[in-house]
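Trainee: Okay, here's what each chain looks like letter by letter:
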Amino acid sequence: MESLTNTIHAVPLNHYILLSSIIFSIGVMGVLIRRNAIVIFMSVELMLNAVNLLLTAFSVYRGDASGQVFVFFIMALAAAEVAVGLAIIVMIYRNTNSIDINVLNRLKW
Amino acid sequence: MGQGYFVNINMSTFYFIAFLSIFFSILVITAKNPVHSILYLILTFFTFTIHYILMNAQFLAIVNFIVYMGAILVLFLYTLMLINLNKDSEPVKPFMVKFAGVFGGGILMVALAASLKSIGASNPVILQNPDLGLVKNLGKVLFNEFLLPFEISSVLLLSAMVGAVLLATKDTKTA
Chain A
1 MESLTNTIHA
11 VPLNHYILLS
21 SIIFSIGVMG
31 VLIRRNAIVI
41 FMSVELMLNA
51 VNLLLTAFSV
61 YRGDASGQVF
71 VFFIMALAAA
81 EVAVGLAIIV
91 MIYRNTNSID
101 INVLNRLKW
Chain B
1 MGQGYFVNIN
11 MSTFYFIAFL
21 SIFFSILVIT
31 AKNPVHSILY
41 LILTFFTFTI
51 HYILMNAQFL
61 AIVNFIVYMG
71 AILVLFLYTL
81 MLINLNKDSE
91 PVKPFMVKFA
101 GVFGGGILMV
111 ALAASLKSIG
121 ASNPVILQNP
131 DLGLVKNLGK
141 VLFNEFLLPF
151 EISSVLLLSA
161 MVGAVLLATK
171 DTKTA
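In the order they appear, the protein sequences are chains A and B. Numbering-wise, the working numbering puts 98 at position 98 of the first sequence, and it's gapless, one number per residue. Numbering-wise, the working numbering puts 140 at position 140 of the second sequence, and it's gapless, one number per residue.
Heads up, a few of these hints could be off.
Said to hold, decoys possible - Short derived list, chain B residues pointing at chain A, Cβ under 8 Å: (1) S21; (2) H36; (3) Q58; (4) V74; (5) L80; (6) M81; (7) A113; (8) P130; (9) N137; (10) V155; (11) L167.
Since the hints were derived computationally from the structure, they do not count as laboratory data. In this text, all values refer to a predicted model and were calculated from it rather than measured experimentally. No residue lacks a Cβ here, since even glycine has one placed at the ideal position from N, Cα and C.
Could you put the whole structure together from the sequences, leaning on the hints where they help?
Mentor: Structure below.
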C-alpha cells in the first residue's frame with residue numbers, strides 16, 4: 001500500500017538525469033568562460049558533484065549499494081585532486097604573481 | 001500513516017531544491033568576486049546534501065557535508081585568502097570567447113536533454129530497501145567487495161598529501 005503511493009508520487013529518474021546534466025553543463029561553461037584558475041577549479045568540482053548526484057540517484061533506482069560506494073571513492077579522489085591542484089596553483093602564483101590561466105601559455109614542452 | 005503525504009512533500013521539495021541548485025551554480029560561475037563564488041558553491045553543495053537526504057542516502061549526505069563543505073571548500077577559501085586574490089582584478093575574456101563558451105555549454109546541455117527525450121518516460125526513483133544508504137549497509141559493501149580499492153585509496157591520499165607538501169613548500173636550496 002505504501003509502496004503504491006510511493007510509485008505515484010516519486011520523482012522520475014529522467015528529472016534527476018536532467019538536473020545533473022544541467023549542472024554539469026554549467027560547470028563546463030564555468031571552465032570555458034572564466035580566467036581565474038581557482039574559479040575554474042571550482043567549476044570542475046561542480047561537474048564532479050553533478051556526477052555524484054546522478055550516481056546516487058541510479059544507485060537508489062537500482063537498489064544497488066555499489067553506486068554509493070563509488071561516490072565515496074570519487075569524494076576521496078576529489079580530496080586528493082584538490083590538495084594537489086591547489087598546491088600547483090599556489091606554486092604558479094608564487095612564480096608568476098597571478099593565477100590568470102593565460103599565463104600558462106608560456107609553458108614549455 | 002501519512003506516508004503518501006510525506007512523499008508528496010518530498011516531491012515538491014525535490015523541484016524546489018533542484019531549482020536552488022541550478023540557481024546557485026549559475027551564481028558560482030557568474031560572481032565577480034572569487035570569495036562570493038566559493039560561498040555560492042558552499043550553498044550549492046548544501047542543496048546537494050539535501051538531495052542526498054531526500055534519497056535517504058544518509059552516509060553520503062553526512063560525508064558530503066563534512067568533506068566537501070567542511071574540508072575542501074574551506075581549503076579553497078584559505079588558499080584564496082592567503083594569496084590575497086579576493087579582489088575584482090580578474091581580466092575579463094573578450095565577449096566573443098565568453099559567448100562561444102556559453103554557446104558550447106548550451107549545446108552540450110541541449111544534446112544531453114535531447115538524447116534523454118528519445119528515451120521517453122522513465123520509471124520513478126523509488127527506494128525499495130530503506131536502509132540502502134545507511135552506514136551499516138554501505139560499510140558491509142565497502143569492506144567486503146571493495147576492500148582493495150579502499151586500501152588503495154588510502155595510498156592515493158598519502159601520495160597526494162606528500163605531493164601537495166612538496167609542491168607548496170618553498171624550496172630554499174634550488175630557488
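Trainee: For the hint on S21/B, does the least C-beta distance to chain A fall short of 8 Å?
Mentor: Nearest chain A Cβ about 6 Å off; hint holds.
Trainee: Holds or violated: is there a CB of chain A closer than 8 Å to the CB of M81/B?
Mentor: Violated, because the Cβ-Cβ distance from M81/B to chain A comes to roughly 11 Å (cut-off 8 Å).
Trainee: Do the numbers back the hint for V74/B, that is, is its least Cβ distance to chain A under 8 Å?
Mentor: Result: violated, 11 Å to nearest chain A Cβ.
Trainee: Holds or violated: the hint that N137/B contacts chain A, with Cβ atoms closer than 8 Å.
Mentor: Hint holds; N137/B Cβ to chain A Cβ min 6 Å, cut 8 Å.
Trainee: Measuring from the C-beta of V155/B to each C-beta in chain A, is the shortest one below 8 Å?
Mentor: violated, 10 Å
Trainee: Quick check on the hint: L80/B CB to chain A CB, less than 8 Å?
Mentor: The hint holds - L80/B has a Cβ within 8 Å of chain A, the shortest such distance being about 6 Å.
Trainee: Does the nearest C-beta of chain A fall within a distance shorter than 8 Å of the C-beta of P130/B?
Mentor: Given a least distance of 11 Å, the restraint on P130/B is violated.
Trainee: Under 8 Å is the threshold here; is the Cβ of H36/B close enough to any Cβ of chain A for the hint to stand?
Mentor: With a minimum Cβ separation of about 10 Å from chain A (threshold 8 Å), the hint on H36/B is violated.
Trainee: Can you verify the interface hint for A113/B: is its Cβ closer than 8 Å to any Cβ in chain A?
Mentor: Cβ of A113/B sits 6 Å from chain A, so the hint holds.
Trainee: Against chain A, is L167/B within 8 Å by beta-carbon distance?
Mentor: holds, 4 Å
Trainee: Are Q58/B and chain A close enough, Cβ to Cβ, to be under 8 Å, as the hint says?
Mentor: violated, 10 Å
Figure legend: structure checked against the earlier numbered hints; hints not met, in rising order: 2, 3, 4, 6, 8, 10.
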